Amino acid sequence: MKAVNAHHAVSWKELFRKYNLLLFIGFFACIAATISPKFFTFQNFSNLLQQSSVTGIVSVGMTLVILVGGIDLGVGSVLALSGMIVSVLLASGYGLVVSIGASLLAGALMGCFNGLVSAKGGVPSFITTLATMVAARGLALLTTDGKPVFNLPESFQWLGSGFVGPLPASGLLWILITVISALVLKYTTFGRGLYAVGGNDEAARLSGIRVTRSTVYVFMLSGVLSALGGIVLASWLTVGQPTAGKGMELDAIAAVVLGGASLSGGSGGVIGAFGGVWLLAIITNIFNLAGLSSYYQMILQGGIIVAALMLNQFFRSRD
Amino acid sequence: MKKVLGTLLTTVLVLGMLTTAFADEKIIGFSQVTLDSPFYVALMEAAQKEAEAKGAKLIYVDAQGDIAKQNKDVQDLLTKGIDVLLLNAVNPGGVAPAMRAAANADVPVIAIDRPANGKLATFVGRDNKKMGYEAGKLAVELLGGKGKAKGKIIEIQGAAGGKVMMDRRDGFHQAVDQEPGIVVVQSPYCEYVRAKAVKAFQDMYEANQDVVLVYAHNDDMALGAAQVLKQNGKLQDVKIIGIDGLMQAVKAIQNGTYSGTVLNDPALLGTLAVDVALGVLDGKEYPEFVDAGTALIVPDNAAKYIDDSKVFAETK
Numbered sequence: 001m002k003a004v005n006a007h008h009a010v011s012w013k014e015l016f017r018k019y020n021l022l023l024f025i026g027f028f029a030c031i032a033a034t035i036s037p038k039f040f041t042f043q044n045f046s047n048l049l050q051q052s053s054v055t056g057i058v059s060v061g062m063t064l065v066i067l068v069g070g071i072d073l074g075v076g077s078v079l080a081l082s083g084m085i086v087s088v089l090l091a092s093g094y095g096l097v098v099s100i101g102a103s104l105l106a107g108a109l110m111g112c113f114n115g116l117v118s119a120k121g122g123v124p125s126f127i128t129t130l131a132t133m134v135a136a137r138g139l140a141l142l143t144t145d146g147k148p149v150f151n152l153p154e155s156f157q158w159l160g161s162g163f164v165g166p167l168p169a170s171g172l173l174w175i176l177i178t179v180i181s182a183l184v185l186k187y188t189t190f191g192r193g194l195y196a197v198g199g200n201d202e203a204a205r206l207s208g209i210r211v212t213r214s215t216v217y218v219f220m221l222s223g224v225l226s227a228l229g230g231i232v233l234a235s236w237l238t239v240g241q242p243t244a245g246k247g248m249e250l251d252a253i254a255a256v257v258l259g260g261a262s263l264s265g266g267s268g269g270v271i272g273a274f275g276g277v278w279l280l281a282i283i284t285n286i287f288n289l290a291g292l293s294s295y296y297q298m299i300l301q302g303g304i305i306v307a308a309l310m311l312n313q314f315f316r317s318r319d
Numbered sequence: 001m002k003k004v005l006g007t008l009l010t011t012v013l014v015l016g017m018l019t020t021a022f023a024d025e026k027i028i029g030f031s032q033v034t035l036d037s038p039f040y041v042a043l044m045e046a047a048q049k050e051a052e053a054k055g056a057k058l059i060y061v062d063a064q065g066d067i068a069k070q071n072k073d074v075q076d077l078l079t080k081g082i083d084v085l086l087l088n089a090v091n092p093g094g095v096a097p098a099m100r101a102a103a104n105a106d107v108p109v110i111a112i113d114r115p116a117n118g119k120l121a122t123f124v125g126r127d128n129k130k131m132g133y134e135a136g137k138l139a140v141e142l143l144g145g146k147g148k149a150k151g152k153i154i155e156i157q158g159a160a161g162g163k164v165m166m167d168r169r170d171g172f173h174q175a176v177d178q179e180p181g182i183v184v185v186q187s188p189y190c191e192y193v194r195a196k197a198v199k200a201f202q203d204m205y206e207a208n209q210d211v212v213l214v215y216a217h218n219d220d221m222a223l224g225a226a227q228v229l230k231q232n233g234k235l236q237d238v239k240i241i242g243i244d245g246l247m248q249a250v251k252a253i254q255n256g257t258y259s260g261t262v263l264n265d266p267a268l269l270g271t272l273a274v275d276v277a278l279g280v281l282d283g284k285e286y287p288e289f290v291d292a293g294t295a296l297i298v299p300d301n302a303a304k305y306i307d308d309s310k311v312f313a314e315t316k
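If you read the protein sequences in the order shown, they are chains A and B.
The working numbering puts the last residue of the first sequence at 319; the count rises by one with no breaks.
The working numbering puts the last residue of the second sequence at 316; the count rises by one with no breaks.
Extracted from the complex, chain B is given alone in its bound form (with noise of 0.2 Å):
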């Protein structure tokens, strides 16, 4: 027993003095506001992977969607010394006490994916209202294109009251209210989660069965809502649009039986986030906003975004 508490010992203070003899290199904390999301886990992984290539140490910490939990999260970063903090904010006014706490430890912070308020180094993101327009542009084209579009569009909405289903909306009526043509159906709120945009969507087809035209906030719920077209032997008939790039999507663009998604490339956003962040702490100027870029995944170029090793398409 004395042993082994003996080699247990020695074992933790070689790994201190190790930890120590590294100390030099760049301490990159980044509080996230949920794991439970492949999207924000390809984000993490992809992060982390950037932090090594480029000689840093990157901590983590999981808000788990809770702000009062993220805040307290920031601080023990803090408390761990960490050298500049990537903030994924659960919501942007709620992390005063995280930003306040930056500050006195003069610790830069990056708002990456979702905005945050307070004295930021940038944000890193995209421009989600871009998307939505982008997936607008799309629909407007495929029901006839410009003055000539006609047809009844059912649009699946994400989260009640989030930024980024606002701006994916807003973007995306953007580019279809000019069309006297459309009309516009819109469904309850899905929180981007496809076994309620199945349900929704089953519904709101009954009482819409002239739809044309799936516009989803994600593909998640457009894949949902697939799923509905195919058991009422509709799909070859409806086209779908969605957001995000997620691979099944990716496929089913490429077996034509779903006409498009807009690129929100995850790894991108991490690798870039975590540049940035190596860039603030050697004194680079970035501006306000680092848009991360988006791209349209359509038929003519789905096959070189295929990758199954992969939930997410990333950027080519």
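Looking at chain A on its own, in the form it has when it is part of the complex (with noise of 0.2 Å):
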């Protein structure tokens, strides 16, 4: 599919395909500018930087769930155990390895489940991962019967909080997991498997590729990523709530779809979704800046989600 564009002179058409993520937040750039002299600004791509990577991190796993035809409806419940986990043990004391490892593993333990039970019990993931939505939420809940954690270490801050020169610690280590999986997906035989997998499994399954263990992984690495956004939001908020990430997955399948990659499978990006997350954070930072309501906020993104999407569609059908 790639030698057709060699004797072709480069369309418009061609090109918006490509490059349509990049020209929706350009367009939605130039408004945003044109509306509030404070949206080109350093501190304001810092600050939406730093206000998305929880969200990146976690959709950079739901890509990858997303990519071998799966969902991953658990990211925000994990998100919350994995962040209860880790203030809890900070509170009593554990250093910072013991309880971010713990924390992590937990996640993982949570994504090696819904894989299992997904790829070998043949449970759809939407069921399962819906199971671990409530499930994982009753644990993040029962950890302190409900009640937030205070009283994390200043040391912990850092990862949320922080800065490496002028940028937020948070949002570097968002850019750093997003180009990392970008070079997986892109350079070794597991990433290139995923699209085979995600395509047609029982073709991937016939050409030597190990299909069920792909997909548990994928679903461990969903499950790490999203216990990463919750110590990253802990760490940020300065405390631990039993309540956070709700409405998460949304967003991050919002982000994910924005960026280009099919729901039924073997197409999209980390880097897509990358682009979806920034297109979600940028149509709300304008209407903050701008001091639009609540009620046309809500009204407006949705509008600005489908049509986007329609445009998607529509020039992807179109060859």
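In short, the hints are calculated from the structure, not lab data.
Predicted, not measured: the structure shown is a model, and the values here were computed from it.
All residues carry an ideal CB built from backbone N, CA and C; glycine is no exception.
One thing to keep in mind: the hints can contain errors.
[Unchecked claim] Restraint ranges, calculated between C-beta atoms of paired labels, are given here:
(1) B:Lys230 - A:Ala290: 21 to 27 Å
(2) B:Gly233 - A:Ala135: 25 to 31 Å
(3) A:Leu167 - B:Asp210: 24 to 30 Å
(4) A:Leu167 - B:Lys146: 44 to 50 Å
(5) A:Gly162 - B:Lys49: 29 to 35 Å
(6) A:Asp145 - B:Lys72: 22 to 28 Å
(7) B:Lys230 - A:Leu300: 29 to 35 Å
(8) B:Ala96 - A:Gly121: 41 to 47 Å
(9) B:Gly93 - A:Leu300: 25 to 31 Å
(10) B:Gly81 - A:Ala135: 29 to 35 Å
[Claimed, not checked] Derived contacts from chain A toward chain B, CB cut-off under 7 Å, selection only:
(11) Asn44
(12) Asn47
(13) Thr243
Dock chain one against chain two, each of which comes alone in its own frame, and use the hints as you go.
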């Protein structure tokens, strides 16, 4: 499918198809800049990077799951559970390494469960992770009987609110994870195999890809990244909240789909998801900077997401 | 195996007999809107403790914010045979089936925290408008006093359409809108959630760097704004007012990085509701609204409210 471009002049449609997300982002950035002179400031971008990092990190895992044709509805709850684990351990005096390690491990275990039940048990991941969503929320609430955990050590706050030079640490972590994942998807057998699994798992199996194993790994990665999101959030907000991350799954799915992934699997990527998260963040940012009332915000946000996806679809089906 | 079964059966029977033995103790049913929030957990724990202390039994059910589930929950409680119902309604108008069922079973209903439509013995709650007004009065005082107050305020709003949010907003505006020098910029709805408030405030701060005071409809959101101000090195320059009396906020008040909070002690509310419920069963009469009261926590009195084992400050 790549060879086509060779003897064609590159048409604007193709250009649009390839870079539509950048165009959207550019379009909304221009609107934003006209509405508020504060939009194109370094401080605003730094804020946006920090605000989006949690959703962004979770979206990387979501992209991988969607790539293999699955869905992970449990990300928000796993994020909350992991955030609680890290907070409770820290507040009871365990060190950073133990607390963060245990929290990531919990995320991996939840993901492993999702993967095994979906890939081996043959339960659609929509159902498996729906169950995880409910159960993990229950566990998160159970850890402290629903109470938030305060008194997190200062040393823990750096991850969420610290800076490396002028850039927020959490945002850099998100970028780093995105870059690594993009490289893995592009250059490793495991990564390229995921596209095959999502495209047609039977064909993938016949061509020697370990479909079950890959799927389990993907869900585990999503669990670990959700846990990392929970750790960053707790660090940023200086509190572990069992109610954190509600609706996070929808934000992540919206970002991944805006980023060009197909919910039936086999196409998309983490760079797209990165752009999708930015697009969603910029839309809210404009409204907030402009001081637009909440109800209009919700309506316009919904409208813009649908419009973006329809345009996406329109140019995709045109060849 | 048979032995195990036999033992189990005997235990169940004995337990059953014990329950019958206590059958004359008063049973309070509590349909709680959600246990998904520390405020309602603290309220529930206090209610349970008070019921135990008064020799009554409290059975609670958690509607998980779902009005349909709440109506089913109440039906279940009535089937179990409660003497009085404490009802924290998901929304005032949606509990008609529950109210009907309670009336049919001759069980008095006491609304707690949130009002409910229908025939109530009484409503035990708080005047959120007054709480908003207290916050507003403090804001005016901090910005220069009556007639002289001036500056830009960012108001971080609670949940869209909620009565609590409207009351906390209206009460606040009642106090500050009389001051020609004060400008209030309102945030989008942040649903009382810190993470949402941080994002919104970060954006709003960019657009309104001349802000001198932040008022949030609860402490959790106000602490979110504090986090953003701290990051910008402005924590000392901007005054912060919240509502609830979240312990983390009370501590910040003592440290001087937070200006004040309006107490919304959930424990007292739970205790009071159980006392009223038992009073109703004894035939006592109550007014339509029983106010659990409030108090202003400011640097001068913060110390006496500090208690590390509590999530929310308690009335002193």
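Given hint A:Thr243 near chain B, where the shortest CB pair must fall under 7 Å: With a closest approach of 6 Å, the A:Thr243 hint holds.
Hint check for A:Ala135 and B:Gly81 - Cβ pair distance inside 29 to 35 Å: Once the Cβ atoms are compared, 32 Å apart, the range 29 to 35 Å for A:Ala135 and B:Gly81 holds.
Closest C-beta approach of A:Asn44 to chain B relative to 7 Å, hint status: A:Asn44 check passes; min Cβ-Cβ to chain B is 5 Å, inside 7 Å.
Verdict for B:Lys230, A:Ala290 (Cβ pair) under range 21 to 27 Å: 26 Å, holds
Consistency of beta-carbon spacing, B:Lys146 to A:Leu167, with hint 44 to 50 Å: 45 Å, holds
Satisfaction of the hinted span 25 to 31 Å by the C-beta atoms belonging to B:Gly233 and A:Ala135: Roughly 42 Å apart at Cβ, these two residues miss the hinted range, so it is violated.
A:Gly162 paired with B:Lys49, Cβ distance criterion 29 to 35 Å: For A:Gly162 and B:Lys49 the Cβ distance comes to about 41 Å; the hint is violated.
Hint check for A:Gly121 and B:Ala96 - Cβ pair distance inside 41 to 47 Å: 43 Å, holds
25 to 31 Å as the expected CB spacing between A:Leu300 and B:Gly93, which holds or is violated: 29 Å, holds
Distance restraint evaluation - B:Lys230, A:Leu300, Cβ atoms, bounds 29 to 35 Å: For B:Lys230 and A:Leu300 the Cβ distance comes to about 31 Å; the hint holds.
A:Leu167 versus B:Asp210 beta-carbon gap, inside 24 to 30 Å or not: Once the Cβ atoms are compared, 26 Å apart, the range 24 to 30 Å for B:Asp210 and A:Leu167 holds.
Evaluation of the interface hint that places A:Asn47 against chain B, nearest CB under 7 Å: 5 Å, holds
Hint check: violations occur at hints 2, 5; the rest are consistent with the structure.
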